[in-house]
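S.K.: The primary structure of each chain is shown beneath.
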Amino acid sequence: MTNSENTEPVAPDLTPDENSSQGDGMGEIVNEFLVESYENLDQLDQDLINLEQDPSDINILSSIFRTIHTIKGTCGFIGFTKLESVAHIGESLLGKLRDGELKLDPARTSALLAMVDAIRQMLSCIESDGNEGSVDYSGLVETLTRLQTDAVAGTTVEPVAPAPVSPARADDAEPVKPSAEIDEDMEPIVNEFLVESYENLDRLDKDLIELEQDPGNKEILSSIFRTIHTIKGTCGFIGLNKLERVAHVGENLLGKLRDGELAFNPPRTSALLAMVDAIRQMLGCIESKRNEGDVDYSSLVDTLGKLLTEEGSAQVAASASAPVVENKEEREFVPAAEKVDRRQSTPEEQEEFVAQHGDKRATPDRRKETRGVADSSIRVDVDILDRLMNLVGELVLARNQILQYAPAQADSTFIATSQHLNLVTTELQEGVMKTRMQPIGNIWSKFPRVVRDLSMSVGKKIRLEMEGKDTELDKTLIEAIKDPLTHIVRNSCDHGIETPEKRLASGKDEEGVLLLRAFHEGGQVNIEIIDDGSGIDPEKIKKIALSKNVISQEQADRMGDRELVNLIFAPGFSTAEKVTNVSGRGVGMDVVRTNIEKIGGSVDIQSVPGKGTTLRVKIPLTLAIIPALIITTAGERYAIPQVNLLELVRLDGNQAKKSIEMIQGAPVYRLRGSLLPLVSLNDELKVAKEESDAVNIVVLHADDRQFGLVVEGISDTEEIVVKPLGKQLKGISAFSGATIMGDGKLALILDVMGLAQKAHVIAEHQEKTIVKSSTAQGSGGDRRTLLIFGLQADDRIAIPLSEVARLEEFKRSDVERSGDQDVVQYRGEIMPLIYLKKVLNVRTATEDSKKELMQAIVFTKNDRSVGLVVERIIDIVEEVVTVKRGANRKGVLGTIVVQNRVTDLLDVENVVLAADPSFGVATKAVALAEEV
Amino acid sequence: MADQKQFCTFYLDNHMFGVKVEQVQEVFRYQEMTTVPLAPAVVRGLINLRGQIITAIDLRQRLGMVPLTGDKLPMNVVVRTEDGVVSLLVDEIGDVLEVPEDVYERPPETIPREVRQLVLGVYKLTGKLLLILDSEKAVNVNTGALMT
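Chains as they are written, first to last, in my numbering: chain A, 1 to 932; chain B, 933 to 1080.
Careful: at least some of the hints might be erroneous.
[As the list claims (entries may be wrong)] Cβ pair distances, simulated, as ranges:
id : chain 1 : residue 1 : chain 2 : residue 2 : range
1  : A       : Gly744    : B       : Asn946    : 30 to 38 Å
2  : B       : Asp1015   : A       : Glu212    : 50 to 58 Å
3  : B       : Thr967    : A       : Val458    : 53 to 61 Å
4  : B       : Ile1025   : A       : Arg670    : 56 to 64 Å
5  : A       : Glu690    : B       : Asp1015   : 30 to 38 Å
[Said to hold, decoys possible] Here chain A is said to cover these stretches of chain B; the calculated rule only asks that three of the stretch's residues, wherever they fall, bring their Cβ under 8 Å from a Cβ of chain A:
id : segment
6  : 981-993
7  : 1012-1026
8  : 1039-1050
Since the hints were made in silico from the structure, they are not lab data. The structure displayed is predicted, hence computed values, not measured ones. Each residue gets a CB set at the ideal place from its N, CA and C atoms; glycine is no exception.
Just need the whole structure built from these sequences, with the hints factored in.
M.R.: Right, here's the structure in full:
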């Protein structure tokens, strides 16, 4: 007996009953749905952009339609009504576009993209909170509705109606795809469909059997129904009519069974299994021959139909005779009735059935010849891959140990076996690494959208081209470069490519081209972001860098164009004249570089003003196993990652003595004309040094600077497995990890960046390297930190920083007079001011000292302070000071050379005494001079 | 019946120390270590424990005791801590002891500060005292402060 409730379409709102019936079993379905949908959405973004370029491309449109349809269908099934309503309205619009009723224009594309965003937003809500979130999308729904009613067609779409959209679509699709032969462009879709369907069919077999055991299990029934429904829907869409018909009657039967109108019995189960086989057979044909095959399934369809109609119930008969599915809305999944009607099928019927279909199941599996699509891919948990990777790392170590041990053995079998082990391990390592590889296209797929949105918002025309989408790299690296790459792409669109007017004015094509290129080279992945925009003007960079104090004037003068351009990666530098919402997000290019270097990569920029800019990112293929150079120093081995390595230089005896020169105590080596600062690893690690004639220099680069690391011995390059150091050693910047060597002993991995910083090759004050490479002042003398200030436009005077208590700024209006002296109130005291200009008899060409703020150096002695008023504070430097005595000026101890500039050294105490004899200080001027 | 607790014991300069048996992963004899330049003095080096790299802490040094003299080599007590697996270098490894709670006492105030900081308490056993080491604190070596 049937339950009359079932004939009514069920309202979109889920009854509490239903909610509870979803239970935990739903959790898995929801997760699967999320994963699938996220993948689909990424694809969608790209498809929509492509579609805008070529609105007539029916394949893309169909693919989009299908994606949204799937999302919609699943939502309805799970009960996400809000999400469904958005997807539904989008689907309607897409359907019209596909059928040619409407044309795709930017407004529609934007609305569709907004829909994708809305879906994504809801998905993330579902992922985190388990519900669709509280955002109101009715505006979007309205927009989408308006955009489709604007057009000719008279079809009105109810926004949230659970209308039987998909069958209608499937029918609509037929004129577009009348032939069952598969279009070549459809290939990817069909393959995907095949994979999906095979998976589903395997489950179906199992489900059907289980169901026969336990006919009341609604969960299984719903799952089966959903599977067949999906297959049916997709078939209709691709244009596989025969397959669709079979799935369709099957679905009808399943619908009845689910609703409790019919009961399960062996003939029905057999018929359904036969249907599964038939579907599988057709899929096999599709895979091998690209059509559905010429087997006639009409008897199967009849049987399924008969099993459905024999019940004789009026409403059942009515719905079953309908040519298209009417009750197929996913919402009808309410398993309202449990009532089971045990229907006995006649023996004849069964016999007939077997006669008709029994042979089908015995059909030899065609897929055995070539491996089927479904068999050729498998989803694996990333954790398992990570574990595999670790194990392979261990194996590589064990292999290395055996290889080291093998040559000492006389046993030739052992040697041969170890060679074999070597080969297998290498292949295994490559193989496992490959499993973690993903094409870079995965992250690129979102860039068309980024570029489109950006170019729209800034009024530019930009065409994005991509080369080498298939270039693969490790999954973790893919994740890591996603954000930096996005930032670079944004930057290129925002700053690189000009507006159409500007482009036309400079004789370029109106449309700018942004080219993304990825390729493998030298064991690394190269990613280039090339634009044909305005390029970067080194002069402009120089000005900005100077104004932002990123570099000093002296440095700027010395820098070549390329160095200047690379300044955009310097911290505190942002060329955006105005902060736009596009790239002015508080993330500078310095962060981009830091992030890329964090994963062992490097970034370089080259630019031709007026022609364009090329950004080149190089990253390693993988992180866990890296090639490294093994060096020895003080009896221990250390590994230097190959990425940092430039070249090796070996100097013998006399050559070493001659070619290593000292600049103020800092050794340098002339490498092809330019000075290479040398850093002794022994000194940096504070380990004993062994005297030897030869000098081994490992030329390294870190943060765009080169330096030579002097080590005692250089061994070999080796693939090493990076292992982290314990927390106790994390604070040592010189090491980035450790590795196990072939002999089982450990070697520390040098952190070249950390080492360079420690050795001040990359100093906080970038002056440092320039100081080192400046002309020699002769060695010897102590390093002192000096404060450099000026009294005129271009003079330089130094005072030892140790003499300076503070640097202060005073308003001119705060200056008061006490007797014949200018004073200010300073920290509750009265502090006399000394105008150094007067004391040193500096004549100012222009009377510019009337600035509102005065710079003063506070000098404190015996609890008394005095402020030395100067014109400007220039810098603080660390310098080896050698005084040329015999200064003939009052108040000046002598002249020194700081940063290549002649600088006067101030005789602080005498200056103070001269101006204020009451300043009761011991006369230590001489001592100071000697000290200096 | 008062709680019985199990401790893995070891000796340092003739004192008996113990750590909770659950915290101990394994013990083994001296193994060659790779010294780490620039590391704090209490870090004696790195040990390759079946492919895992663990830090070895010189417990004598950590507790402010004189270094092990002669050619005696320290042994390893590998403990699991929040900061990962760490090896504690000790003079000698003792038995696993089951001790009753009622002989427990807080460490006396008079013992050297370095020791008191790392000792959770003392069990007064017949004939000797069992000092319970706070292994979390013992392996918490602040590299930043010790480096210049």
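S.K.: Determine for every hint whether it applies to the structure shown.
M.R.: Right, here's what the structure says about each hint:
About 34 Å separates the C-beta atoms of glycine 744/A and asparagine 946/B, a value consistent with the hinted range of 30 to 38 Å. Separation of aspartate 1015/B from glutamate 212/A is about 57 Å and conforms to the stated range, judged on CB atoms against 50 to 58 Å. Our hint of 53 to 61 Å for threonine 967/B and valine 458/A holds, since their Cβ atoms are close to 58 Å apart. For the pair isoleucine 1025/B and arginine 670/A, the beta carbons lie near 58 Å from each other, so the given range of 56 to 64 Å is met.
Checking the proposed 30 to 38 Å range against glutamate 690/A and aspartate 1015/B shows it holds: the Cβ atoms sit about 35 Å from each other. For the segment 981-993 of chain B, the stated coverage by chain A holds: 6 residues have a C-beta nearer than 8 Å to a C-beta of that chain, and at least 3 were required. Under the rule that three or more residues need a Cβ within less than 8 Å of chain A, the assignment of the segment 1012-1026 of chain B holds, with 3 such residues. With 0 residues having a beta carbon nearer than 8 Å to a beta carbon of chain A, the segment 1039-1050 of chain B misses the requirement of three or more and the stated coverage is violated.
Comparing the model with each earlier hint shows a violation of hint 8 alone; every other hint is respected.
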